[in-house]
Amino acid sequence: MIVAENVHVRFRRGIFRRPIQALHGLNLEVREGDFFALVGQNGAGKSTAMYCFLGLMKPSSGRIEVMGKTPYLGSPLYQGVAYLPEEPHYHLYLTVEEATRYYASLYGKRIPDKTINETLERLGLAQFKTLRLAKCSKGMKQKVGIAQCLIHETRLLFLDEPTRGLDPLVIREFREWLREIHSRGATIVMNSHVLSEIEMLANRVAIIERGKVVVQDELRNLLTLDRELYSVAYEGNGVVPDYLSSVERLGALVKGAIAKERLYDFMEFSRDAGLLVHECSLKKTSLEESFFNIVKGGGETELSERRNGEYMATQDTATPGGSEGQWRNC
Amino acid sequence: MAELLKANIMAHFAYYRRSRLLLAFLLVFLLLTGLSSLPALFMNSGVQSFNSLHQIFEVLNVFLLFFAGGLGLFIMSSHLRSRSLKMVFTKPCPPALWLVSVFWSAVTVSLLLNCIVFASAAVLSFVWHLPVRAALLFISVDTFIASVGIIAYLMLLTTLVHPAIAVTFALIFNADLFYGGYEWTQSVIRAGNSSVWLRILDHLFHYLYFILPMVYAFAKKTENIYSSFRVSQGEWKYLLFSFGYVTVLSVFCYSLALLALQRKKHI
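Keeping their order, the protein sequence lines are chains S and Z.
Each residue of the first sequence is one higher than the one before, starting from 1 at the first, in the numbering used here.
Each residue of the second sequence is one higher than the one before, starting from 331 at the first, in the numbering used here.
Note that these hints are calculated values from the structure, not bench results.
As the structure is a prediction and not an experimental result, all values here were calculated from the model.
Every residue gets a Cβ at the ideal spot worked out from N, C-alpha and C, and that includes glycine.
What you were told as hints is all true, and nothing was included just to trick you.
Output of the computed footprint for chain S on chain Z, the stretches with three or more beta carbons under 8 Å from beta carbons of chain S: (1) 345 to 358; (2) 411 to 420; (3) 423 to 436; (4) 586 to 597.
Could you build all of it, start to finish, from the sequences and the hints given here?
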């Protein structure tokens, strides 16, 4: 759906025309049907990458293809593309109804009044249709943006920080709309700082750092970045093996973490000591933890590992057979 | 394509209707015109009424020129500065079409206002028992043609630079200024001073006068119509010439503005 190869973007800014290298050899691939999230620190180049995909900026070098074509302003390839910018980049002088009609008409088709009214009704905007966008809340403006995706069959949707400044109720509602659009077969590319939200919505993630992609993978793979660690909880003789880290005692219950290579040692230990094992599972990592692991250290190493496909297939649980101890919820 | 053009033009009309800047601009000029024409309402003689009509019509036509400039300036600067164009150009609506829609919408509003001013002048002539002169129509058409050129020029300048710089440039660095400069250097040269710097300045003023757009390209030929309110059969051709000049100017301004718009980062 989207291919970016060795994309460099350089521009000059300010009175002294200070050169800025916004993208530095960005390589990216978004597949059809993906809910793709671009993650990175401020100034990492997420928005610049999105602007390049939308043809709003031309790369200094490299190749970008969106649906097999090079994007440029007003290109016919945008027939199936929708874009929801950050506030306040809408036509604020238009009313909700006018803006919905205008943005929908920009696809070159006549939109019947009935379709507009039904869409506004569905989004809960019918009672505000004469209100100017300048006086609407951000949530209402974003709904106007969503309306164009519901009126037309959007194949590719770009979202730039879509939930920034929205209240939790609207965020939830917005998330549902996005899920619906995605379930209709649209590919969604989202740029966001809210990692918890990406965790809920995206299936693929690219982490951008200093203008290039350091990790691009399935979200579920990124969430198991600490796959070497298994968390265990057991009851028994009170003995704690020395390879158990992050030990916590809750009465007779002992909780801790074990490196993958010591897992079989622990199994033997539990069998010999007759422990009652409540939990032994792969330690889940949040996207936030993965993000910090990658950005603050070792990101490049992880990336090279992932590129070479050297890491093991994800195992959510380990259930040792032939154990003489008791294993629960493992 | 027609649907796209229509959608854009309708959105621009909504902008003109709701732009407070344009509204303020309109009200100030109407107020000034109203105040200046107030004494005329208490005049009885035909000559005084004619003079009043002449004055009111002249003021309104100058206002139309300024307002046309405002239309081109405000709509371009508003869209460029609010960065809302990213919502347009990320759809299958090319900048060329959007720019045409802006131009046409501004020209339509300008035409409408010209018609209103012409109709008002005709009504005043009727009320004050004056003949509706053909010169009224000539001046209205000529002003409309000049307005089209101003709209195109201001749209170009606003695409290139900050609106404040665009206004300053349009007001100060215009063809009239350099024509005045050219006349001055010519008179000094004729008086016997033929230094190299003066000759360079003379050439510079001459070329700048030709390069910069003129509001009324045939002002010298038509100034008599504006002062006497009489137009002869042979003078109507100047409208056609003006139209030709403005068409070339508009195409030139449009092409440059389009180039600038395509090169701009709409982010």
